[in-house]
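Same order as they appear, the protein sequences are chains P and A. 0 is the number of the first residue of the first sequence in numbering that gives the first Met the number 0; add one for each residue after it. 0 is the number of the first residue of the second sequence in numbering that gives the first Met the number 0; add one for each residue after it.
Please keep in mind that the hints were generated in silico from the structure rather than gathered at the bench. There may be inaccurate statements among the hints.
Said to hold, decoys possible - So the derived label-pair ranges between C-beta atoms look like this:
id: 1; chain 1: A; residue 1: Pro54; chain 2: P; residue 2: Gln128; range: 31 to 37 angstroms
id: 2; chain 1: A; residue 1: Tyr26; chain 2: P; residue 2: Pro177; range: 23 to 29 angstroms
id: 3; chain 1: A; residue 1: Ala15; chain 2: P; residue 2: Ala96; range: 46 to 52 angstroms
id: 4; chain 1: A; residue 1: Gln129; chain 2: P; residue 2: Arg32; range: 44 to 50 angstroms
id: 5; chain 1: A; residue 1: Gln129; chain 2: P; residue 2: Gln24; range: 48 to 54 angstroms
id: 6; chain 1: P; residue 1: Thr37; chain 2: A; residue 2: Leu176; range: 17 to 23 angstroms
id: 7; chain 1: P; residue 1: Thr37; chain 2: A; residue 2: Ala15; range: 20 to 26 angstroms
Stated by the list, open to error - To give a feel for the contact side, a few chain P residues facing chain A, derived at Cβ under 7 angstroms:
id: 8; residue: Asp18
id: 9; residue: Gln35
id: 10; residue: Pro38
id: 11; residue: Arg42
id: 12; residue: Leu71
id: 13; residue: Glu77
id: 14; residue: Tyr86
id: 15; residue: Ala90
id: 16; residue: Met118
id: 17; residue: Ile119
id: 18; residue: Glu183
id: 19; residue: Ile185
id: 20; residue: Met194
id: 21; residue: Ala195
Note that the structure is a prediction, hence the values are computed from the model and not measured. Where is the CB? At the ideal position from N, CA and C, for every residue including glycine.
Chain by chain, the residues run as shown.
Protein chains: 2
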Amino acid sequence: MIRSIGRICIYRRLLAEMDRRGQRQVYSHELARLAQTTPAQVRRDLMNVSGMGTPSKGYSVPDMLDSLDGYLDAGHCEPIVLVGIGYLGRALLGHFAGRHPKLHITAAFDIDSEKTGGMIHGCPCYHLQQLGEITRDRNIHLGIIAVPANTAQQVAEKMIECGIRAILNFSPERLNLPANIYVEDIDVTVAIERMAFFARQKNTQNKRNMNHAGS
Amino acid sequence: MIRSIGRICIYRRLLAEMDRRGQRQVYSHELARLAQTTPAQVRRDLMNVSGMGTPSKGYSVPDMLDSLDGYLDAGHCEPIVLVGIGYLGRALLGHFAGRHPKLHITAAFDIDSEKTGGMIHGCPCYHLQQLGEITRDRNIHLGIIAVPANTAQQVAEKMIECGIRAILNFSPERLNLPANIYVEDIDVTVAIERMAFFARQKNTQNKRNMNHAGS
């Protein structure tokens, strides 16, 4: 389920790009190539979302885009809180500001009062003490954690107390939270370690192949 | 394979933390709980890496840490290049500077000459034209892409020309690259969309349960 939603988000982005360019029809094999999956997987995913079979002339780009919007988005713009106004928090605010029609980082929080009180990329910054007040006032259920590892668990627990139900966790800390809370981890260090590992494997493999060719 | 390496990176981080606290032994069920996997999975992963079976008194923390270091790391510190000195690139430089014993962002690049020529968090910043010169001089094979979607493919191709073999891609663009290049995508927007989707599902489910309880 988690993976299929990730793919559906990617199809939507690709379809939106096609729509902007004026493309009206798309075949599953074209979407599959761009999304780096198989045509059968695309057809299965789109069938699940739209309830429509596979048209022989390809999918209508605007119709399928409507179906995916209806499936993925809330009817309204959803507010998100961010905790941690360090380098990463600021990058997320800059990266995300005004870019998404349905998701919006509404308020940012930190415990360092030098970082609070102002606006960053149009987003007001508050002291962490005000988290509950703001999430309850504005009915916010989505939170992003961009604090150091040693405070992430504590921040996550506070978020949950304040009504947050889904967390995107950028800290390297594994959070230990109730099962009804959705957590998605983005661990940059693990991603870099993994990339280095595979690059070395490919390198060793290439060297082996070269040795083999030369022997 | 990709998933198991991710888990092994996480075990290593947990073991390093235990080692710092002076903990000498650890059971698979303890690692499993912290890494959010099963004890059987931990035992299988550690057996694959270390070749050792499961000791009845638990694993030796320092010995297992040595095994994982030997498996995951190169003998030397590995250099990485970063392309894109925007919000995200700066955040990565700040977040990563001097934090990892074996991986180091050695040089950052951009096409905007206002961003180049200086140092950011100890990392020298160059014009993208100098990429090949620096990767070849320093034998660099790892690259991070933190540029906007519309230039990511072009940057990736240039990286490969310059000898990069593994790429961590933060842009939302799906890269179309030769099969011998390892690519890891970190797509923040997809992660946020997915979190919002699941929060809404859980919410709907809770409401359904409440309605059901009340009916």
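Structure-based check of each hint:
no.	hint	result
1	A:Pro54 / P:Gln128: 31 to 37 angstroms	47 angstroms, violated
2	A:Tyr26 / P:Pro177: 23 to 29 angstroms	24 angstroms, holds
3	A:Ala15 / P:Ala96: 46 to 52 angstroms	36 angstroms, violated
4	A:Gln129 / P:Arg32: 44 to 50 angstroms	33 angstroms, violated
5	A:Gln129 / P:Gln24: 48 to 54 angstroms	44 angstroms, violated
6	P:Thr37 / A:Leu176: 17 to 23 angstroms	18 angstroms, holds
7	P:Thr37 / A:Ala15: 20 to 26 angstroms	39 angstroms, violated
8	Asp18	16 angstroms, violated
9	Gln35	6 angstroms, holds
10	Pro38	15 angstroms, violated
11	Arg42	19 angstroms, violated
12	Leu71	6 angstroms, holds
13	Glu77	5 angstroms, holds
14	Tyr86	4 angstroms, holds
15	Ala90	3 angstroms, holds
16	Met118	15 angstroms, violated
17	Ile119	10 angstroms, violated
18	Glu183	5 angstroms, holds
19	Ile185	6 angstroms, holds
20	Met194	4 angstroms, holds
21	Ala195	5 angstroms, holds
Violated hints for the displayed structure, listed by number in ascending order: 1, 3, 4, 5, 7, 8, 10, 11, 16 and 17.
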